[in-house]
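Peer 1: Same order as they appear, the protein sequences are chains A and B.
With our numbering as the guide, the letters of the first sequence map in order to residues 112 to 531.
With our numbering as the guide, the letters of the second sequence map in order to residues 112 to 531.
Among the hints, a few may not be true.
[What the hints assert, rightly or not] In the DSS-like style, the derived pairs of lysine-lysine whose C-alpha atoms are separated by at most 25 Å in a straight line are:
(1) A/K169 x A/K258
(2) A/K326 x B/K326
(3) B/K219 x A/K219
Honestly, the hints are just simulated from the structure, not real lab data.
2 protein chains.
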Amino acid sequence: MKSTLEILQAAKAAKASLSLLTTEKKNAALAAMASALIEATDDILAANAQDVEASREKLGEVMVDRLTLTPARIEGMAQGMCALIDLPDPVGRVIDSHVRADGLRIEKIGVPMGVVAIIYESRPNVTSDAAALSLKSGNVCVLRGGKEAYRSAHAIVTAMKTGLRSVGLDENLIQLIEDTTRESATALMEAVGYVDLLIPRGGAGLIRTCVERAKVPVIQTGTGICHVYVDASADADMALTVLENAKTSRPSVCNACEVCLVHKDIAAGFLPLLDERLATMRAESGKPTVTFRCDEASLSLIPHGTAAGEDDFDTEFLDYILAVRVVRSVDEAIAHIAAHSTGHSEAILSRDEGAIARFVGAVDSAAVYVNASTRFTDGGEFGLGCEMGISTQKLHARGPMGLCELTTYKYVIRGEGHVR
Amino acid sequence: MKSTLEILQAAKAAKASLSLLTTEKKNAALAAMASALIEATDDILAANAQDVEASREKLGEVMVDRLTLTPARIEGMAQGMCALIDLPDPVGRVIDSHVRADGLRIEKIGVPMGVVAIIYESRPNVTSDAAALSLKSGNVCVLRGGKEAYRSAHAIVTAMKTGLRSVGLDENLIQLIEDTTRESATALMEAVGYVDLLIPRGGAGLIRTCVERAKVPVIQTGTGICHVYVDASADADMALTVLENAKTSRPSVCNACEVCLVHKDIAAGFLPLLDERLATMRAESGKPTVTFRCDEASLSLIPHGTAAGEDDFDTEFLDYILAVRVVRSVDEAIAHIAAHSTGHSEAILSRDEGAIARFVGAVDSAAVYVNASTRFTDGGEFGLGCEMGISTQKLHARGPMGLCELTTYKYVIRGEGHVR
């Protein structure tokens, strides 16, 4: 087994070659990696079957589903890689440029971060998404997946390395950490001088540990306690449609709505309709029904509601559960969000331009929606191709992280002997 | 004395009001703060005299000079504030915008970080620069200056608060930490939920401590081991002029050159000229002379040189000292810089477009110069007004930090009931 330090040394040595590659060469590599992935379908499925078999008793059904690969899913991973080919190369882009009166030319140019490390869990598509995004953005990637998905990740990385070699590139541009114990995660967090950016993708515990312990730069991703505020002026039909979508279209993801705030002037009319739409009607059509965790004011208005517990407004349910609170004003909604949100995505449903402007100005989250579902916060939906995660911090990148968010910049200054 | 926690609570409470202010209001506040500073000149000078008196025996001459204020320096601080009035407001700027085929409009908008904390040492102008930059970029600032400059900082902040009140703004937008012990610095590093960005400005020890200990987002600033590489094709006269400027125009600052790398093909002709220019000629005209710390190959070519010690290529001299090494190629220069640089500023002096392209592409520092002095790496020189420091990290901001670098962004998405 290669040690984590050996792998980091190889990654660091590889980064100079990658940052100088042309766009054409990187795009050729992405196409070759995608082809190699398809060609290795049998090997990848066999490795994945071993992972699934070994994990079946330890993991719940949802986790086993996340881990399991099919030919269609592998095809989807290859398509995700190919989608990056058409996106502009963030390396070398001129972000800003000016010539001073004395003739000194100052340009601000996009450049790779260097070595990007990703600590993630069981979803095999993260392996290929992360490697492809890193390659196109000029970075070497160091992948540290979960133990339960190691065989799958290894088979996927083997295929991608075959792709790299087929176009004459260094296979060290993609590195898979072989040690899947806690030690290798800690080593990555402390790899000052080797890791230029660490991105944890996974549960709240992993992310908290990384943010607290890391000595290398980290971007916090993922946790989403997303709010939808239904203003007094909201169109009730639109509000029902948006809330049903935000809550039920995929409750297990971070951009699903967890909390509904309703203005007091519309609560008595609206909340019974919400109960009917998300509970009664869905039950009648055989869909999973939503249960409600209600504050005092909303409890009597929602037949299927139960009283909210102390933590219900601070919980990412990731389930068919919606916390509901009645507020007296848009400012009270804003204050509730400031106190309870994780800074991911929030929405206002309203026809009042004043309330909309106030909400959009004051809510300090990565994505603020007006009359739309929070479910759009996603790299693909935002036009970034696949994504490296959704940043919930403010430093460097916010919201879905695509190619540009994996780069930094440098100033290039050209003179003719200029001195100060 | 107000506790650090009380001050942080007041800062957090103030940030909502600041992020919603108009550009006009913020500019009026800057003008009022500058006037108030001038009007308080006598009070500030009196407070500063007490600081200087108390420190004279503890601090060296350079530090006392940094600490000492004069009417002209206070005037300069006021001018620095006024210079920000004409710069574009980074808050509300549309960074990116597109409308999807389904009509959903996605905009990426500049917004403040929130509360910006600065830990700094004795230079009183940092107090006014940091407060002014924070205000214009929509942030509340929390200032934690050094103990030896506390009376000066307090007098400056008192004047700025008078300016804020005179235009009807909350004086809590500018906060000065009253506790100047190590405890308050630690409290800021750990103020999760209160501090959105921490910027340490000062010695290497302070910066290292912040980077290692901080639980809040930090930007690393300042240390500059800057290199000038003299290529085989360099114009020798230009190289002498640029090196004299980069080394001697202000040796105590972070953008001064510390290391000169010279191509072997030009070394025998060039290095004796460098010695003549930086030592002999300067001595003859009564200027401070440069001493050289030489590698083996350069030692015999530089009459005033001494053999370099083990650390001389890893030291920020901040003095009239230049380390010199002969390299065999531009690639050896690049490799030396990769191994020894702090990522601040590096220059190539060359007439060979191939060597220039290689150097500019491969050197991974905040500023890369072609035929110009490293001394230009500065917020004022780059057109950013005054600066909050020079970032030597890659995450978020790189190089001089002005108004935009004190902001983040959010996505604002507008629909008409759009669901996914």
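Peer 1: Would you mind marking each hint as holding or not holding in the structure?
Peer 2: Verification of the hints:
no.	hint	verdict
1	A/K169 x A/K258	12 Å, holds
2	A/K326 x B/K326	10 Å, holds
3	B/K219 x A/K219	20 Å, holds
This entry satisfies every hint, going by the numbered hints stated previously.
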